[in-house]
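Q: Let the hints inform the model, and build the full structure from the sequences given.
Number of protein chains: 4
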Amino acid sequence: MAQLKQRVFEANMALPQHGLVTYTWGNVSAIDRERGLVVIKPSGVAYEVMRAEDMVVVDVQGNLVEGHYRPSSDTPTHLELYRRYPQMGGIVHTHSTHATAWAQAGLDIPALGTTHADYFFGDIPCTRPLTAHEVEHEYEKNTGVVIAQTLGDRNPLHTPGMIAYQHGPFCWGKDAEEAVHNAVVLEEVARMAWLACTLNPHLRALDSALQHKHFNRKHGPNAYYGQK
Amino acid sequence: MAQLKQRVFEANMALPQHGLVTYTWGNVSAIDRERGLVVIKPSGVAYEVMRAEDMVVVDVQGNLVEGHYRPSSDTPTHLELYRRYPQMGGIVHTHSTHATAWAQAGLDIPALGTTHADYFFGDIPCTRPLTAHEVEHEYEKNTGVVIAQTLGDRNPLHTPGMIAYQHGPFCWGKDAEEAVHNAVVLEEVARMAWLACTLNPHLRALDSALQHKHFNRKHGPNAYYGQK
Amino acid sequence: MAQLKQRVFEANMALPQHGLVTYTWGNVSAIDRERGLVVIKPSGVAYEVMRAEDMVVVDVQGNLVEGHYRPSSDTPTHLELYRRYPQMGGIVHTHSTHATAWAQAGLDIPALGTTHADYFFGDIPCTRPLTAHEVEHEYEKNTGVVIAQTLGDRNPLHTPGMIAYQHGPFCWGKDAEEAVHNAVVLEEVARMAWLACTLNPHLRALDSALQHKHFNRKHGPNAYYGQK
Amino acid sequence: MAQLKQRVFEANMALPQHGLVTYTWGNVSAIDRERGLVVIKPSGVAYEVMRAEDMVVVDVQGNLVEGHYRPSSDTPTHLELYRRYPQMGGIVHTHSTHATAWAQAGLDIPALGTTHADYFFGDIPCTRPLTAHEVEHEYEKNTGVVIAQTLGDRNPLHTPGMIAYQHGPFCWGKDAEEAVHNAVVLEEVARMAWLACTLNPHLRALDSALQHKHFNRKHGPNAYYGQK
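Protein chains in written order, with the UniProt record's numbering: chain D, 1 to 228; chain B, 1 to 228; chain Y, 1 to 228; chain P, 1 to 228.
Simulated from the structure, these hints should not be mistaken for lab results.
No farther apart than 30 Å at their CA atoms in a straight line, the calculated lysine-lysine pairs in the DSSO-like style are these:
#	chain 1	residue 1	chain 2	residue 2
1	B	Lys218	D	Lys141
2	D	Lys174	D	Lys218
3	B	Lys141	B	Lys5
4	D	Lys218	Y	Lys141
5	B	Lys141	P	Lys213
6	B	Lys174	B	Lys141
7	B	Lys5	P	Lys218
The following residues of chain D were derived to be distant from chain B, with all beta-carbon distances above 10 Å:
#	residue
8	Ala52
9	Leu64
10	Val65
11	Asn200
Positions of the beta carbon are idealized from the N, C-alpha and C atoms, including for glycine.
A: In structure tokens form, the structure reads like this:
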């Protein structure tokens with residue numbers, strides 16, 4: 001697991017470098033699907049002193065396997081998503097500023113441009129509020145449950161993130177690095193959408209043709225962006 | 001006092017590092033409760049040339065005990081708060097941009113999300129205006145008086161800061177480091193709330209269950225965030 | 001071509017330095033008019049590992065002349081503009097935040113001040129939407145076509161950039177360096193106009209006299225700004 | 001003049017360090033009142049290559065006294081102000097983002113808080129528009145004339161800056177360093193006022209008592225801020 005710990009450590013350190021977190025307000029995990037083990041950031045440890053060997057290993061039921069620290073308090077959210085979605089290899093949670101503002105406003109982030117469409121197919125959804133019961137019993141697990149309800153039968157890699165109501169963004173990808181990449185994109189897309197909506201609150205979403213064009217330039221069998 | 005001077009010096013230097021102050025627009029103090037002495041930043045000294053030994057020591061009545069500089073002109077505000085609240089070990093005043101904007105708008109910062117609820121229980125209050133008499137006679141002391149009126153019988157560590165009307169934020173904590181931490185949080189929370197309110201001016205505050213959940217994850221007997 | 005590759009490489013590297021791009025979301029090209037060859041950034045290569053020798057050379061019809069990478073997926077847009085406008089020596093495309101927000105809002109950026117008028121004569125236009133057919137057949141080429149339709153018979157060096165609807169800014173100049181300069185200016189002008197319009201949505205454009213004065217201080221036979 | 005050139009050079013270099021200018025969009029000057037000579041930035045020279053010896057010396061009528069470059073194209077504005085106001089020892093012009101946005105909106109920056117009142121007594125005025133004739137004949141000189149009209153009989157050190165309509169801020173002080181300080185303050189005050197006004201467009205200005213209190217803490221015979 002040393003290699004995966006190193007990658008998860010570096011993915012966590014990328015969050016402050018990209019300006020996505022204040023203090024310890026974020027966490028990244030990744031899963032080793034063969035062994036059924038998840039590596040995740042420890043809870044409340046400052047980025048300045050954190051080391052790769054401080055990463056915590058748990059199984060998908062949340063049992064501690066390895067580590068001298070408690071795992072992130074958001075671990076049950078990550079595990080709920082890993083159990084449901086085999087496509088997810090890495091998950092990121094942040095309180096990045098503009099994405100969190102949309103979550104506080106309780107609004108989906110509308111698909112207003114090609115920057116958005118390059119990564120997210122359609123609006124970036126905001127979850128429904130949790131009930132008081134869901135908050136009081138297994139709150140973190142229920143955050144994962146409501147994310148899954150919101151995703152429905154969408155391909156999670158075509159909606160590689162969403163915002164939890166009054167809380168903040170969760171993003172994912174095929175591995176931890178891609179999840180962080182999507183978290184950076186979501187914050188920038190949230191900022192652009194916020195700017196556009198303050199100019200004109202009655203904006204129309206992207207035409208279907210343009211949305212398909214941009215998403216398919218980067219994804220799927222006929223992608224022609226990049227070098228592969 | 002050399003050790004406390006060093007800590008207060010470093011806490012003051014953290015303000016420009018976190019982007020909370022322009023020029024000399026801020027100050028941090030801490031109190032040694034056993035000796036009844038307060039260490040505070042000198043007035044109007046540039047951060048680039050300030051040294052630990054420039055910190056000023058006064059007693060809680062404001063008498064100069066040690067130091068070759070005048071104490072911060074806001075010292076009477078700090079002392080008024082230290083005299084009233086034994087829970088306060090450190091106090092910070094800044095003119096951080098978004099918190100000050102809410103103070104200029106004369107509005108409480110509404111509790112719109114979990115980022116807020118992790119640190120502040122309920123809205124972050126804005127004080128009432130001072131009367132002309134309060135401004136003209138012992139202005140700085142009266143700023144502390146009106147902060148105390150606004151706090152009322154709340155636990156100051158559950159409302160670890162507020163904004164003074166048309167002025168700016170004051171924050172506190174069990175020591176100077178925690179007070180600075182809360183000042184950073186207040187500014188970020190103020191920024192997120194401003195962004196959310198420009199998207200939708202009619203936002204609802206956090207549900208009570210979610211507010212309790214997040215505040216109690218970090219505070220009180222059943223806290224489970226972090227490592228202790 | 002080694003020298004032009006070096007210049008185009010440096011012009012591309014200037015984009016992240018000026019905060020205009022996230023990840024690989026931008027590209028710069030330049031043309032050697034004598035040889036009819038265009039040098040452009042490769043598609044999807046990270047700025048941190050890109051080298052001058054990775055730049056791709058194509059002819060103005062888009063045939064690969066030199067390079068071990070695919071050219072930018074936006075190459076057909078650049079070529080369409082080079083074929084139509086002999087005055088263009090360099091072209092830049094970014095998704096810079098504020099310019100893209102105006103593109104998503106579908107609005108021309110109004111000429112509100114002298115900062116704008118120093119570089120752009122009149123509003124910075126937003127193109128019309130592409131039709132579904134234009135998106136589905138030769139999308140990138142058609143982006144160039146609609147930019148040309150929008151320019152009409154204007155001198156492209158007096159309108160050295162515009163925003164493509166729901167997409168983002170394209171800028172140009174007599175060479176790659178000037179094109180990058182204009183992209184930096186467009187983003188700053190877009191930011192100022194956004195700020196001004198949120199204060200007052202019913203702003204008037206610059207008077208004609210002031211617009212001519214500022215534009216002609218820097219351009220044309222009687223320019224008196226700078227040292228030439 | 002070598003010493004004043006060095007100071008004016010450093011004051012100019014402080015503008016990009018404080019984030020007030022893009023490219024060459026700003027200039028600082030200072031006057032030697034005994035000799036009647038003004039030192040000012042050369043026109044259009046990049047900050048990265050500018051040296052102290054590149055500063056230009058002119059007399060108060062604008063005649064070139066010393067220098068191998070043309071003076072800033074805004075020199076006649078500076079000279080008009082130096083001729084009228086013996087209190088001015090240094091002048092700064094920038095296109096700093098938020099101050100320029102207020103100028104483009106054509107609005108005075110309202111005195112909304114103590115941050116403002118510490119430096120500016122009352123609103124920061126926006127000049128009237130220049131007439132077409134004023135733009136076409138001695139434009140830069142007339143910019144100084146309209147600033148003086150707007151100041152009226154106010155003490156220029158109590159209103160140490162204003163914004164020129166659809167253009168941007170001009171600031172001044174007893175020397176170049178103080179003028180730059182005031183330009184930094186004006187930009188931050190403009191940003192805070194913009195944020196406050198987007199929360200609540202119907203804000204009230206500071207009470208007279210609070211305004212006098214803060215201004216007089218830093219200015220005049222009974223000042224008690226700082227160390228003098």
